[in-house]
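Engineer: For reference, the chains in residue letters:
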Amino acid sequence: QKEVEQNSGPLSVPEGAIASLNCTYSDRGSQSFFWYRQYSGKSPELIMFIYSNGDKEDGRFTAQLNKASQYVSLLIRDSQPSDSATYLCAAKTSYDKVIFGPGTSLSVIP
Amino acid sequence: ETGVTQTPRHLVMGMTNKKSLKCEQHLGHNAMYWYKQSAKKPLELMFVYNFKEQTENNSVPSRFSPECPNSSHLFLHLHTLQPEDSALYLCASSQDWGGAHREQFFGPGTRLTVL
Numbered sequence: 001q002k003e004v005e006q007n008s009g010p011l012s013v014p015e016g017a018i019a020s021l022n023c024t025y026s027d028r029g030s031q032s033f034f035w036y037r038q039y040s041g042k043s044p045e046l047i048m049f050i051y052s053n054g055d056k057e058d059g060r061f062t063a064q065l066n067k068a069s070q071y072v073s074l075l076i077r078d079s080q081p082s083d084s085a086t087y088l089c090a091a092k093t094s095y096d097k098v099i100f101g102p103g104t105s106l107s108v109i110p
Numbered sequence: 001e002t003g004v005t006q007t008p009r010h011l012v013m014g015m016t017n018k019k020s021l022k023c024e025q026h027l028g029h030n031a032m033y034w035y036k037q038s039a040k041k042p043l044e045l046m047f048v049y050n051f052k053e054q055t056e057n058n059s060v061p062s063r064f065s066p067e068c069p070n071s072s073h074l075f076l077h078l079h080t081l082q083p084e085d086s087a088l089y090l091c092a093s094s095q096d097w098g099g100a101h102r103e104q105f106f107g108p109g110t111r112l113t114v115l
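One line per chain: the protein sequences are E and Y, in this order. Here this note's numbering is used: position 41 in the first sequence is 41, and no number is missing along the way. Here this note's numbering is used: position 89 in the second sequence is 89, and no number is missing along the way.
For the record, the hints were derived by calculation from the structure and aren't laboratory data. Quick caveat: nothing in here was measured; it's all calculated off a predicted structure. Cβ atoms here follow ideal geometry from the backbone N, Cα and C, with glycine treated the same way. Any given hint could turn out to be false.
Here are some, though not all, of the chain Y residues that point toward chain E, as calculated from beta-carbon distances under 10 Å [unchecked claim]:
(1) Tyr35
(2) Pro42
(3) Leu43
(4) Val48
(5) Gln82
(6) Ser86
(7) Leu88
(8) Ala92
(9) Phe105
(10) Pro108
Next up, chain Y with everything else stripped away, as it sits in the complex (with noise of 0.2 Å):
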């Protein structure tokens, strides 16, 4: 367990749905992250917020929408997906973004088909 946690851990939806994956961290950390991983690929990098803020936008499609409304909570609404989108979604935290040494720590993921 480390101290961040995801739901759902699981959602099958269609083309036309709209759903929101949510992310909540305990450690008290300021950064926060969502990271897509596809079979046989590295991470991928999507979104960073930092203080609430958004830092990075990893050329993302628009048919994902993060929110971060306080530094504990991330969510990803999702709209219009393709079956491309198919993966793990990750959500990670860190003390805060651009420190040298900052490591993340990884929730679970949701692991999210799209029909």
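Bound-form chain E, shown alone (with noise of 0.2 Å):
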């Protein structure tokens, strides 16, 4: 079983429209967890990072973290085409590793 699973996409929202973007972990000791926007050849940029249960808004992005269920979620309102890019999700693991999922691309369409 991979710690960090996310779909590879890709997704297609319209512009305007809620993304959704999930991610699911494995190690139930995970304490930290991650969101890193990738644009095409460039490197990773953190977005939000969140560790207690419930949802942290900033901006149009809300994380949302379920402990219980091992799941942790990205949504992203009001989606733009600047918004186009790979989300990758990544875990704080209980032995200090910080494993990254395979990132799912998204594209907003005009």
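Two chains, two frames, some hints: make the complex.
Structural biologist: This is the structure in structure tokens:
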């Protein structure tokens, strides 16, 4: 079982819609979770981190964490073409490793 | 600009060459990392240095040799690489290693091609 899993996509949404990106993790003791955005040919950049159950909002982005279900998601409201990128989910595991998922490719259609 | 720089940005080398990748961070962080990103694969952690000491070696072949002379600089020395080592090599830093919520900041990466 892969430690951090994401749907590879591509996920296509129309401009202005809500994009929902999902991630599951296998280590129940994982402490912190990160969402990175990576444009093609660029390095990852941190968007959000979350470590408590529930929602965390920052502008158009909302991270949601459900530790019981071992599930973390990222919602992007009012999606823009500039949001088109690969979104990487990462988990800081109970053994202190940061494990990345394979990423979900998001395409926002004008 | 994240405060993490890497040189060179692109490198082409033969299998018998020796080259080095350099990373420098200007964020006052104490932990630095090397990652490998290959096409269609997740980011792979290679090495972790915390306060100049190597704390993680993720079963990396010995043809990759890291060096951390101080908390601001990290090198990756390359020797006798294979074509399958061609990838994007990313450096990252964070406040320290082991804290619960230490987000990492990435450099722009070095695109390595081994012929």
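Engineer: So, for every hint listed, does it hold in this structure?
Structural biologist: Hints, verified against the model:
| no. | hint | verdict |
| --- | --- | --- |
| 1 | Tyr35 | holds, 8 Å |
| 2 | Pro42 | holds, 5 Å |
| 3 | Leu43 | holds, 4 Å |
| 4 | Val48 | holds, 9 Å |
| 5 | Gln82 | violated, 23 Å |
| 6 | Ser86 | violated, 15 Å |
| 7 | Leu88 | holds, 8 Å |
| 8 | Ala92 | holds, 8 Å |
| 9 | Phe105 | holds, 7 Å |
| 10 | Pro108 | holds, 5 Å |
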